[in-house]
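Q: Residue-level listing of the chains:
Protein chains: 2
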Amino acid sequence: MNVHIITIGDEILIGQIVDTNSAWMGEQLNLSGFKITCIKTVQDQLSDITKNIWSSIQEADVVLLTGGLGATKDDVTKKAIADFLGTGMYYDKEVHDRITSFFRKFGREPNEAHRLQSYMPNGVLLLENKMGTAPGMWFETNGKILASMPGVPYEMKHLMTEKVIPKLIKKYGTKPIFHRTIRTAGMGETSLALKIESIESSLPANTKIAYLPNLGEVRIRVSAFGEKDDSQEEIEKKVNDISNKIEKELGNFVYAGNEENLPTTLGKLLLRKKMRLATAESCTGGNIAARIVRIPGSSSYFNGGIIAYSNGIKIKELGVKKETLESHGAVSEETVKEMVLGAINKLNVDLAIAVSGIAGPGGGSPEKPVGTIWIAVGNNENIRTLKLQLSKDRLKNIEYTTNSALNLARLFLLEN
Amino acid sequence: MNVHIITIGDEILIGQIVDTNSAWMGEQLNLSGFKITCIKTVQDQLSDITKNIWSSIQEADVVLLTGGLGATKDDVTKKAIADFLGTGMYYDKEVHDRITSFFRKFGREPNEAHRLQSYMPNGVLLLENKMGTAPGMWFETNGKILASMPGVPYEMKHLMTEKVIPKLIKKYGTKPIFHRTIRTAGMGETSLALKIESIESSLPANTKIAYLPNLGEVRIRVSAFGEKDDSQEEIEKKVNDISNKIEKELGNFVYAGNEENLPTTLGKLLLRKKMRLATAESCTGGNIAARIVRIPGSSSYFNGGIIAYSNGIKIKELGVKKETLESHGAVSEETVKEMVLGAINKLNVDLAIAVSGIAGPGGGSPEKPVGTIWIAVGNNENIRTLKLQLSKDRLKNIEYTTNSALNLARLFLLEN
Chain A
254 MNVHIITIGD EILIGQIVDT NSAWMGEQLN LSGFKITCIK TVQDQLSDIT KNIWSSIQEA
314 DVVLLTGGLG ATKDDVTKKA IADFLGTGMY YDKEVHDRIT SFFRKFGREP NEAHRLQSYM
374 PNGVLLLENK MGTAPGMWFE TNGKILASMP GVPYEMKHLM TEKVIPKLIK KYGTKPIFHR
434 TIRTAGMGET SLALKIESIE SSLPANTKIA YLPNLGEVRI RVSAFGEKDD SQEEIEKKVN
494 DISNKIEKEL GNFVYAGNEE NLPTTLGKLL LRKKMRLATA ESCTGGNIAA RIVRIPGSSS
554 YFNGGIIAYS NGIKIKELGV KKETLESHGA VSEETVKEMV LGAINKLNVD LAIAVSGIAG
614 PGGGSPEKPV GTIWIAVGNN ENIRTLKLQL SKDRLKNIEY TTNSALNLAR LFLLEN
Chain B
254 MNVHIITIGD EILIGQIVDT NSAWMGEQLN LSGFKITCIK TVQDQLSDIT KNIWSSIQEA
314 DVVLLTGGLG ATKDDVTKKA IADFLGTGMY YDKEVHDRIT SFFRKFGREP NEAHRLQSYM
374 PNGVLLLENK MGTAPGMWFE TNGKILASMP GVPYEMKHLM TEKVIPKLIK KYGTKPIFHR
434 TIRTAGMGET SLALKIESIE SSLPANTKIA YLPNLGEVRI RVSAFGEKDD SQEEIEKKVN
494 DISNKIEKEL GNFVYAGNEE NLPTTLGKLL LRKKMRLATA ESCTGGNIAA RIVRIPGSSS
554 YFNGGIIAYS NGIKIKELGV KKETLESHGA VSEETVKEMV LGAINKLNVD LAIAVSGIAG
614 PGGGSPEKPV GTIWIAVGNN ENIRTLKLQL SKDRLKNIEY TTNSALNLAR LFLLEN
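In order, the protein sequence lines correspond to chains A and B.
Here the working numbering is used: position 273 in the first sequence is 526, and no number is missing along the way.
Here the working numbering is used: position 192 in the second sequence is 445, and no number is missing along the way.
Please note that the accuracy of each hint is not assured.
The list makes no distinction among identical chains, and a pair is therefore deemed to hold if it is satisfied within one copy or across any two copies.
The calculated DSSO-like cross-link candidates involving lysine-lysine, where the alpha carbons are at most 27 angstroms apart (straight line), are [claimed, not checked]:
#	residue 1	residue 2
1	K574	K640
2	K304	K288
3	K640	K490
4	K527	K569
5	K574	K358
6	K332	K383
7	K358	K645
8	K490	K424
9	K304	K397
10	K420	K383
11	K649	K575
12	K410	K645
13	K358	K397
14	K590	K569
15	K521	K501
16	K526	K501
17	K621	K358
18	K358	K428
19	K575	K428
20	K569	K526
21	K288	K416
22	K288	K640
23	K423	K461
24	K640	K575
25	K575	K621
To be clear, the hints were calculated from the coordinates, so they are not data collected in a lab.
Quick caveat, the model's predicted, so the values are computed rather than measured.
Modelling step: build the complete structure from the supplied sequences, incorporating the hints.
A: Pasting the structure below:
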């Protein structure tokens with residue numbers, strides 16, 4: 254069973270916006286066991302859309318359209334579907350009533366454009382859109398499916414999750430399938446693969462491991478694809494057995510057994526240990542704290558931080574000794590350790606993260622080339638440090654350092 | 254003249270990565286006056302690629318392929334091109350020599366896979382790739398063009414900029430075209446459009462204004478499209494005349510007349526005025542400082558900051574008065590003003606930015622609902638403040654506040 258996705262929008266063709274809808278749809282369909290064989294972006298033009306529906310419906314079993322629905326989009330997709338079906342349109346009072354009540358809820362009156370929006374191609378099944386005014390559409394012909402959704406991401410996601418994917422599963426049965434994601438940090442893709450080589454080389458039939466690396470983190474996705482007769486429980490058990498083996502083998506390199514991110518895991522640990530955190534950042538310039546604060550509720554465990562970008566602030570605000578800076582330099586194990594102690598004592602916390610490094614692209618020396626980074630995490634009794642040797646790419650270095658520092662804090666909490 | 258882009262990659266179809274290459278290519282081609290009518294992503298499979306080359310070459314004048322080149326990709330695109338052309342492959346010694354010297358530069362020896370990589374379809378023109386081992390390919394047939402590039406973004410960008418676009422311009426002439434981007438902050442899209450309504454309603458023929466909004470910023474793009482006989486100078490003059498009128502009308506809402514971002518503009522102003530900056534952040538948690546520090550060389554004007562997420566730090570590190578917090582609250586004009594003064598005095602700078610707000614999604618009250626944000630910028634003599642009333646979306650609120658704070662600092666420097 255093959256799926257084509259057609260995205261409608263000139264603004265994507267001219268690069269004004271990046272098409273993230275298709276990536277999300279591709280991922281969701283793949284996770285449900287459907288195969289995507291083509292993603293197309295086409296112009297906001299009736300003839301172009303109709304032509305592409307025709308060519309895709311010949312190559313694929315299911316064609317999903319997004320975009321080009323709604324009053325401001327001139328409902329061009331709806332017209333293309335009516336053209337493709339060779340039917341006219343009818344006025345749908347229910348749709349009009351929904352649009353009207355949607356507008357009145359916000360104290361506004363719908364206009365003529367909204368009345369025209371209530372005309373629908375004959376023969377389609379409407380998919381109720383609880384997030385907006387334009388309903389989705391579903392049409393079956395000769396065993397093939399054509400469905401369309403608005404391009405607004407949360408409306409599309411709502412219709413995909415609540416209507417389109419369940420209907421596809423109902424129609425095509427789908428073989429049982431199960432995925433689990435293990436999130437790791439602190440070890441590269443190649444080393445991880447080496448460490449779980451024996452698990453990977455003896456995987457049961459129809460199971461798969463995929464590595465998804467990203468600047469200091471690697472997600473490992475374990476999947477099992479069953480046959481029609483396999484039970485879902487069996488498939489899930491397969492994935493869970495492999496995942497448990499991997500988690501055991503990788504130990505503390507695993508920080509979450511699902512899609513939870515690193516600052517969330519760290520926050521949960523801090524809450525559990527009833528400890529409060531602060532940061533002392535030089536080269537990351539506040540990025541570590543900003544990542545922590547993006548998590549709602551972080552005020553329960555995060556006090557704040559000092560961004561000590563200049564040496565003056567390192568000395569004055571964090572109590573780093575002038576002699577330390579002179580003899581070891583700002584980018585040194587000694588300096589980041591003193592930054593930790595300074596943050597602990599000044600900001601009234603149980604744990605502090607400190608980083609200092611040369612983010613680049615300039616500023617290196619033969620002894621300390623661009624990309625040299627020191628990280629320290631700890632308290633008054635105990636400090637753990639880590640040295641990174643990264644690239645010349647400033648933005649990547651900042652992100653890599655941020656992930657590594659959050660991970661070092663997690664490891665410190667696990668071990669202390 | 255129509256262009257199709259074909260991106261090759263299963264990892265895009267299953268949503269593992271988002272296709273940003275096509276968006277970039279679409280933008281560059283559009284800016285050069287070429288029309289993109291379709292972007293397709295297809296599987297890493299010989300038959301699929303060949304089939305799509307066939308269908309696209311019938312609909313478009315130019316077909317550009319990316320991805321599926323190089324040893325690890327099994328060079329599937331090259332094979333598809335040879336299939337499409339109906340020719341065999343030949344061993345290209347020059348390509349092999351380039352690959353060999355590329356590897357030796359890094360102290361490695363190429364292997365058998367790299368020798369196979371040196372086979373090229375007969376009849377194509379190779380486009381030298383200075384950024385990697387796989388060359389681009391260019392083929393002309395019946396007045397149509399087929400070109401391919403590796404999928405690695407910097408290799409693709411290099412080949413597009415240095416080879417493909419110049420060759421397309423040479424071949425198709427292109428009508429003169431010119432664009433200029435005006436970057437604004439502090440005014441919404443609708444208000445901007447209203448303010449320059451008279452300019453927009455009297456635009457000369459074949460010119461266009463586009464608004465590209467993004468969380469507190471709006472880019473305005475002015476474009477002129479000439480006919481074959483128009484001179485490039487004429488077209489540029491048209492755009493510059495309109496742009497100058499817009500810039501005059503919008504005054505200080507314009508922060509840059511090109512693609513420069515807000516922290517870069519602010520950095521240049523600080524350097525020119527020989528002033529140093531610090532931040533005092535509550536709800537943005539270091540995000541403002543992190544944006545400033547992403548600019549290389551920011552240490553020349555940025556000292557650092559205090560992330561005062563807890564009230565304790567606002568009092569202890571920034572000298573905010575306990576009474577101020579008690580009578581006005583942490584999210585108040587009085588508090589952010591005291592945060593500015595605290596940062597100025599503690600961090601030894603000429604200018605400080607302070608923010609405090611309720612980022613959400615929880616934590617609001619009837620008097621101060623979620624999304625209430627106060628920003629202050631100033632020095633010991635003068636402080637300018639701004640209140641925002643934003644949404645319940647934590648991440649959007651943080652970004653919007655960050656842009657607004659950077660912009661307020663820019664305005665303060667212009668006026669003081």
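Q: Could you run down the list of hints and mark each one as holding or not?
A: Hint by hint, here is what the structure shows:
1. K574 with K640: For K574 and K640, only the intra-copy Cα distance (21 angstroms) is at most 27 angstroms; the inter-copy one is 40 angstroms.
2. K304 with K288: both (22 angstroms within a copy, 18 angstroms between copies)
3. K640 with K490: Cα proximity of K640 and K490: none, with 40 angstroms in one copy and 54 angstroms across.
4. K527 with K569: For K527 and K569, the Cα distance is within 27 angstroms only across copies (22 angstroms; inside one copy 29 angstroms).
5. K574 with K358: For K574 and K358, the Cα distance exceeds 27 angstroms both inside one copy (62 angstroms) and across copies (43 angstroms).
6. K332 with K383: Within one copy, since 22 angstroms is at most 27 angstroms while 48 angstroms is not.
7. K358 with K645: This pair counts as between: shortest inter-copy Cα distance 18 angstroms, intra-copy 53 angstroms.
8. K490 with K424: Classified as within; 25 angstroms inside a copy, 60 angstroms across copies.
9. K304 with K397: Both ways: K304 and K397 sit 17 angstroms apart in one copy and 21 angstroms across, limit 27 angstroms.
10. K420 with K383: Classified as within; 17 angstroms inside a copy, 49 angstroms across copies.
11. K649 with K575: neither (30 angstroms within a copy, 41 angstroms between copies)
12. K410 with K645: For K410 and K645, only the inter-copy Cα distance (19 angstroms) is at most 27 angstroms; the intra-copy one is 38 angstroms.
13. K358 with K397: neither (38 angstroms within a copy, 54 angstroms between copies)
14. K590 with K569: Result: close both inside a copy and across copies, 16 angstroms intra and 23 angstroms inter.
15. K521 with K501: Within. Shortest intra-copy distance 21 angstroms satisfies the 27 angstroms Cα cut-off; inter-copy 52 angstroms does not.
16. K526 with K501: within (23 angstroms within a copy, 58 angstroms between copies)
17. K621 with K358: Answer is between: at 23 angstroms across copies they meet the 27 angstroms cutoff, but 62 angstroms inside does not.
18. K358 with K428: This pair counts as neither: shortest intra-copy Cα distance 43 angstroms, inter-copy 50 angstroms.
19. K575 with K428: Cα proximity of K575 and K428: none, with 66 angstroms in one copy and 63 angstroms across.
20. K569 with K526: between (31 angstroms within a copy, 25 angstroms between copies)
21. K288 with K416: within (18 angstroms within a copy, 36 angstroms between copies)
22. K288 with K640: neither (43 angstroms within a copy, 49 angstroms between copies)
23. K423 with K461: Intra 25 angstroms, inter 48 angstroms, cutoff 27 angstroms: intra-copy only.
24. K640 with K575: within (22 angstroms within a copy, 41 angstroms between copies)
25. K575 with K621: Within one copy, since 19 angstroms is at most 27 angstroms while 45 angstroms is not.
Of the numbered hints given earlier, the model fails hints 3, 5, 11, 13, 18, 19, 22; all others are met.
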